[in-house]
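Participant: Residue numbers (this note's numbering), protein chains in the order written: chain A, 1 to 267; chain B, 1001 to 1267; chain C, 2001 to 2267; chain D, 3001 to 3267.
Certain hints may be false.
Just so you have them, the derived chain C footprint on chain D, three or more residues with Cβ under 8 Å [as the list claims (entries may be wrong)]:
hint, stretch
1, 3020-3027
2, 3052-3066
3, 3113-3125
4, 3148-3154
Derived EDC-like pairs (lysine to aspartate or glutamate); straight-line CA-CA distance at most 20 Å [as the list claims (entries may be wrong)]:
hint, chain 1, residue 1, chain 2, residue 2
5, A, Lys145, B, Asp1061
6, A, Lys63, B, Glu1151
7, B, Lys1063, A, Asp156
8, D, Lys3145, C, Glu2148
Worth flagging that the hints you see were computed from the coordinates, not collected in a lab. Beta carbons are placed, not taken as given, at the ideal position from N, Cα and C, and that holds for glycine.
Protein chains: 4
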Amino acid sequence: MRPEKNREVRVGDLVFGNGSFQVIAGPCSIESEEQYRTTSEFVRSCGAQALRGGIYKMRTDPKAFQGLGPKAYPTAHKIKSEVQMPLFSEVTDPRQIPALGEIVDCFQVGARNMHNYELLKELGRQPRPVLLKRNFSATLLEWVKAAEYIELAGNDQIILCERGIRTFESATRNTLDLGAVAYVKTRFGYPVIVDPSHGIGIADLVPRMALAGMAAGADGLIIEVHSSPEEALSDRDQALSFGVFQRLMKQIHELSPHFALERSLRP
Amino acid sequence: MRPEKNREVRVGDLVFGNGSFQVIAGPCSIESEEQYRTTSEFVRSCGAQALRGGIYKMRTDPKAFQGLGPKAYPTAHKIKSEVQMPLFSEVTDPRQIPALGEIVDCFQVGARNMHNYELLKELGRQPRPVLLKRNFSATLLEWVKAAEYIELAGNDQIILCERGIRTFESATRNTLDLGAVAYVKTRFGYPVIVDPSHGIGIADLVPRMALAGMAAGADGLIIEVHSSPEEALSDRDQALSFGVFQRLMKQIHELSPHFALERSLRP
Amino acid sequence: MRPEKNREVRVGDLVFGNGSFQVIAGPCSIESEEQYRTTSEFVRSCGAQALRGGIYKMRTDPKAFQGLGPKAYPTAHKIKSEVQMPLFSEVTDPRQIPALGEIVDCFQVGARNMHNYELLKELGRQPRPVLLKRNFSATLLEWVKAAEYIELAGNDQIILCERGIRTFESATRNTLDLGAVAYVKTRFGYPVIVDPSHGIGIADLVPRMALAGMAAGADGLIIEVHSSPEEALSDRDQALSFGVFQRLMKQIHELSPHFALERSLRP
Amino acid sequence: MRPEKNREVRVGDLVFGNGSFQVIAGPCSIESEEQYRTTSEFVRSCGAQALRGGIYKMRTDPKAFQGLGPKAYPTAHKIKSEVQMPLFSEVTDPRQIPALGEIVDCFQVGARNMHNYELLKELGRQPRPVLLKRNFSATLLEWVKAAEYIELAGNDQIILCERGIRTFESATRNTLDLGAVAYVKTRFGYPVIVDPSHGIGIADLVPRMALAGMAAGADGLIIEVHSSPEEALSDRDQALSFGVFQRLMKQIHELSPHFALERSLRP
């Protein structure tokens, strides 16, 4: 029940799972070149190690904003090159893999596609690492089995991401399950990061959840940041403003070394 | 909040949503020509109106039996022609649609793909009707919004299927939510059928759940039947034996006329 | 795993668990003599076998109407004597047992008190039968173990009541778990009734849930009925009007004989 | 939606809600004088501020160990006097209040009694502070409303305790909802502590959950510690051994000052 060693996963020059702590930050969606540059430069200046930026969005309502799609490819490529940071972005269809793989450094599989085994198998047959979010009602075993779909197809560069589960509670957007982080990390050895933005869905509480995720032993965080959260085209209630993100990054920088043991496999 | 009229959906010569009651029956998976013929002939002799039969299976474990895939196409085509019944079978990847569409009379979208919006959009662009299962943790609104993905892409021939949701209870495989049937049917007008096999997952209790689904106002049922349940390659705990299925069909035949009002939009 | 025989429980002259089907009906709360008489006479005229009527109400909000308490005792006693029907009413504190036991024919334990083991033990030490509702998040095993608290203290006259569980779904008040009825009845032999009013919480869908409960094998129903649902002091959204209740009782009368086998222990 | 100030609650000389961090530790149940003395002296030596120790236990199975009951009163009184620490212990029936109130410094209401409003009202009419655990399926609003039952009856000395909720996940005993801590604390101003022992139910993961609770802004922790966890009469899988507890207390001592801002009402 105890893995022999942590799995380490490389995304560009970054390593997940070796005891270091990585912050992936950026807007929910790439909305424009200006917006993406401003936010990307800012999160880099605060010490974030990687960029997030949605190109394809999974939305409950078919009439809601679905991301810019291929039109965002040039912007994504340009900005990540300018700021020299690796890019994480979501893939929602196996047919997107060839072109999107030219742009992203790590494919992200969203919660709603964790059970999309045809997509997972295709991601197993290509060379980029994969960030696999937990479906909001997947058991821990189902999550690990989904990772095995990728691995059995040939790709063992897998990072898991806890982003909150669906429960009876509706005051918060989801219920962030930090026990899952501790359990999966120590029992299966995968690097695990936390998404506090979706995990609670309320901007002023995101920093507390980010720190709690770090204390639970996560190897990193993925956080939504927006220059004007109230104008974001998606997820505006949970995006951090620049000021709040900056303050959080200072705390993370100061405190993350204290939790290195929790990131190890020590029981 | 009250739809003006029921939506009616045609699958071959069958109509769902016009007050009649349809039973789709067959094995979880097509395993062999012999097995599929025996079961199909039997369910027809008991009065079932349509066939089920899995070709692509979504399995939690990547090492579990995943269905015969394209190798089952000839068998599926042969048997449905012999017994002269329409076939419902699951699609798990948009790239399967052209070939699978030659064989099935209604595409089935499984619970785990209800949120696979790229698949839903493709199904909206082709002419076959779609049976859309509720994801095991989808709210009723998310379910209806998923149906809208299909409809907005051009296909309004959609049947919904309640197959049990995930709750804290583990004595039964899922918690069959019959309130969902009543709610979605009366508020949105879609034909709704019930899958009692997945809904409870325990063969000896499936008939009671089938009857309860009928009484709640469902327009039909989809039921797993196997000539030797204990030898089934998948879902063996919930498949009905021939004898139990035959007895259930007699009750359905006798009682379904009494519930025609519950299948209407009368509050 | 199969009980040797059904347990039979007597409440006044009624028997639960012998294959017959009993309907307990009345208002959520006793509000006045006039209101209680009108409703009680009406439900009797429709064929209901027993009365419900809340005296002590468990309310989430301490400022909400909590029932009339001891002031309702004379009314309760008077009306049940006039209409000659046994009375089911909820007990919320062990100290109410002596006086309330003079009035009720069956003590009802509400969902929120299913885990109140001190109360259950006291109910085990007195002679009245007990209707034990399932807590909205109790597993089936916990429910049966709660019944054992009563039985081990000396009282085996226990009827179970499924009234809906708490899940992620919020369109309906609760998720009525009819699989629980089938499971507990066949595995443990207790008489089980269904509360479709709390189970779905939406008046126009209550009849469908009542019929579904009957079809699942329940031994009876407990239903909220009010002469003017929109004026009820509690649970107004789920109380049936007289007209709807009358129509439902006709269906029950006609159909319940067809489901006698589902009320037996036949698998 | 933002309380004007934190509520402060005194238990003996301790204050909850003023920015300090308190650890309540001890065995699940008082089993013997020897066991309770050894554990109490040890947790004090590690820096714990208060004692826990169950006298009345709520157990699912009526045949399981239910606590020593009144026989434990002399031991409880003796040991807490020797170690000079305030005692938290659970009350399960209003009739226990007078005698138990002579011994405990703070009444604890367990998860299963959060909805026991008759008990809460009685606790509102006596002078001891109350630790109110969240029911494992209570919404945040229901939890706060339960606290109002106590407060409206006259007692505003209320500490809340998040101890994990019931979800579909079964790998961990409960799902610790740290978002609840942040939400209730900042929106309602109550002091909130975390029970990581019940929250995850797996001893080797308890320290990570304890640290995560601290980082989320909790005002303290309540932790199960046992001299020989494998011999404990209850909750043996989640009790910390002396060595693990000592190591955790060192981390808490070192890190808790860094999270003082998270314990404030700052958004």
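Participant: Give a verdict on every hint.
Facilitator: Tested hints:
1. 3020-3027: Violated: only 0 residues of the stretch 3020-3027 of chain D have a Cβ under 8 Å from chain C.
2. 3052-3066: holds (count 6)
3. 3113-3125: holds (count 5)
4. 3148-3154: holds (count 3)
5. Lys145/A to Asp1061/B: OK: lysine 145/A and aspartate 1061/B at ~6 Å, within 20 Å.
6. Lys63/A to Glu1151/B: Roughly 12 Å between the alpha carbons, so the hint for lysine 63/A and glutamate 1151/B holds.
7. Lys1063/B to Asp156/A: 16 Å, holds
8. Lys3145/D to Glu2148/C: Distance of about 31 Å is beyond 20 Å: violated.
Hints 1, 8 from the list above are not met by this structure, while the remaining hints are.
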